[in-house]
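Chemist: Below are the chains, spelled out letter by letter.
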Amino acid sequence: MSTEQGVVIAAQGINKIFNPGTDEEVIALQDINLNVESGEFVSLVGPSGCGKSTLMRLVGDLLQPTSGDLLVNGKLPRVARLDRDYGMVFQAATLYDWRSVTKNVQLPLEVMGYTKDERQKRAQEMLEMVELGAFAEHYPWQLSGGMQQRVSIARALAFDPSILLMDEPFGALDEFTRERMNLELLRIWEQTGKTVVFVTHSISEAIFLSNRIVVMSPRPGRITKIVSNDLPYPRDFKTRSDPAYHDLVSEVRELLRDAIGSGSPGGVQAPSRPHEE
Amino acid sequence: MALVNGKDLSLAQRVNRWLRYYSPTIAVAIGVIVLWEVIVVLFDIQQFLLPKPSAIFSEFMLQVNLWLAPDEGSLLFEASGATFWEAFGGFVIGCGGGILMALITSRWTIISEATMPFAIAANSVPIIAFAPIMNNWFGITNPASKMAIVAIIVFFPTMINTVRGLTLVDAGQLELMHSYAAKPSRIMFSLRIPNALPFIFSALRVASALSLIGAVVAEFFGGPRATLGVYITQEAGAFDFAKAWTAILMASLIGIGFYLAVLVLERRLMPWHGSFREAG
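Just so you know, the sequences run in chain order X and H.
Numbering follows the working numbering, in which position 74 of the first sequence is assigned residue number 74; successive positions increment by one, without gaps.
Numbering follows the working numbering, in which position 27 of the second sequence is assigned residue number 27; successive positions increment by one, without gaps.
Where hints are given, some of them may not hold.
Below are the SDA-like pairs computed for lysine to any residue, each with C-alpha atoms no more than 20 Å apart in a straight line [what the hints assert, rightly or not]:
id, chain 1, residue 1, chain 2, residue 2
1, X, Lys103, H, Ser190
2, X, Lys103, H, Met270
3, H, Lys183, X, Gly133
4, X, Lys103, H, Leu174
5, X, Lys103, X, Asp69
6, X, Lys116, H, Ala182
7, X, Lys116, H, Ser190
8, X, Lys75, H, Ser190
9, X, Lys103, H, Leu197
10, H, Lys183, X, Lys121
11, X, Lys116, X, Gly133
12, X, Lys121, X, Ser100
Computed footprint of chain X on chain H, listed as stretches where at least three residues anywhere in the stretch have a Cβ under 8 Å from a Cβ of chain X [to be verified]:
id, region
13, 169-178
14, 191-202
Please keep in mind that the hints were generated in silico from the structure rather than gathered at the bench.
We put the CB at the ideal spot given by N, CA and C, even for glycine.
Construct all of the structure, not just a fragment, from the sequences and the given hints.
Modeler: Okay, structure coming up:
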């Protein structure tokens, strides 16, 4: 396998089959080829069942591919996980209710054996980055959904992993909060230079955020096309009124429509529950 | 954040708030007692069927005076103490054992899956039926015979609830730990045990009531004179119903006290949970 300079995630001929050899056999992913460069922001978009979350979970070693080659930072995903290369953010903030905000951010640092001073210093820095410095001693239930998700991002970045895996992190937020969080995430990304893999249902979100958009189609999950997005950074509210932005939205929407059309019937766009296996 | 938890209020305001919150409860309690007194007097109910609350109360005060007197003793208070220790000892042994067993079995899924059906089945067996057997094993006047019954009664619900709390962990929270490459022991202490605390405490609350019931009912099958169960059967047998009722009153007070103690411990150990409930 060619491990060129700067390639962080290298996937070649990845297949993922759930329950192989049974009646419930599902081909979740078929022949996935994807390279992600260091510092890139790559979004995976597609309808439910297209395997975008599955692909992200393969990268993060929460699932293992049935066949194919997958290397992360030149290592097997399992080794990359044991080396703590991943920061993960899920749709639910998954904060620990019994821990204060700062203790939640310190959780990975505790697991990884940082000293108390380091933990506190690092947690405060991270909380300030997500603009929650004043909420360190609050408990999760005292925060809004958007704030909880910011804590979850601070927690994912606390131990300085090289890759940020985000599975519909803003899917449960309202439109306004979501757009604010998008801006904030871009700022953090530009500040930290992390490689980000971002799973979303939202075409506009994917285009607003990413360098490249991986458009996927369902049954079986495949990559339809990888769309490059050359809109300049830093992006802000004005980006959304740029004609080039709208062209990209139309292009991706068109691709998704074709993708669903070629799949089995009933696959109407905008499913409400993102629940792919 | 403006939290309304009574910390910033003056004493008068707190008392006022407390009264407003509990006044309906107090009114109902007084109403029931007055109604009880009136009905007994009005229908001329015999004292062996239902004594007047005032009669029970004066008998109770008599016992209190005996208890406080320097060289007298109160059998009622002696019995209450003995029964309390039986219940408490059984509670500690049974709940402690249940939690320990849950921690051990949930560490190995196979053991946990093999033992849980038995635990659930055992939980629906009327354990109190073993009281005569325990009397034979440990001796009828040995407190251990009652403690054993209490311990067995509270063991299973505590174990079942704890296993649930340890295993019903949010999938995302668990995946997070995997992404940190956390060791199983770390997952146990930082995720599973805190996650189980609310489950454990709901079991302990049930167990606190069960332990007193278990102790008193086990005493009905025989025990030393100075225990509440024996006291109730003997005084009722001697048609001294006011005395029997004071023992019931004592059992209730101990039970309520026990429950409240568990509640206080719960608030202490899980401040996030208590605050959550207040907010919700």
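Chemist: Going back to the hint list, which numbers does this structure go against?
Modeler: Structure breaks hints 3, 5, 8, 10.
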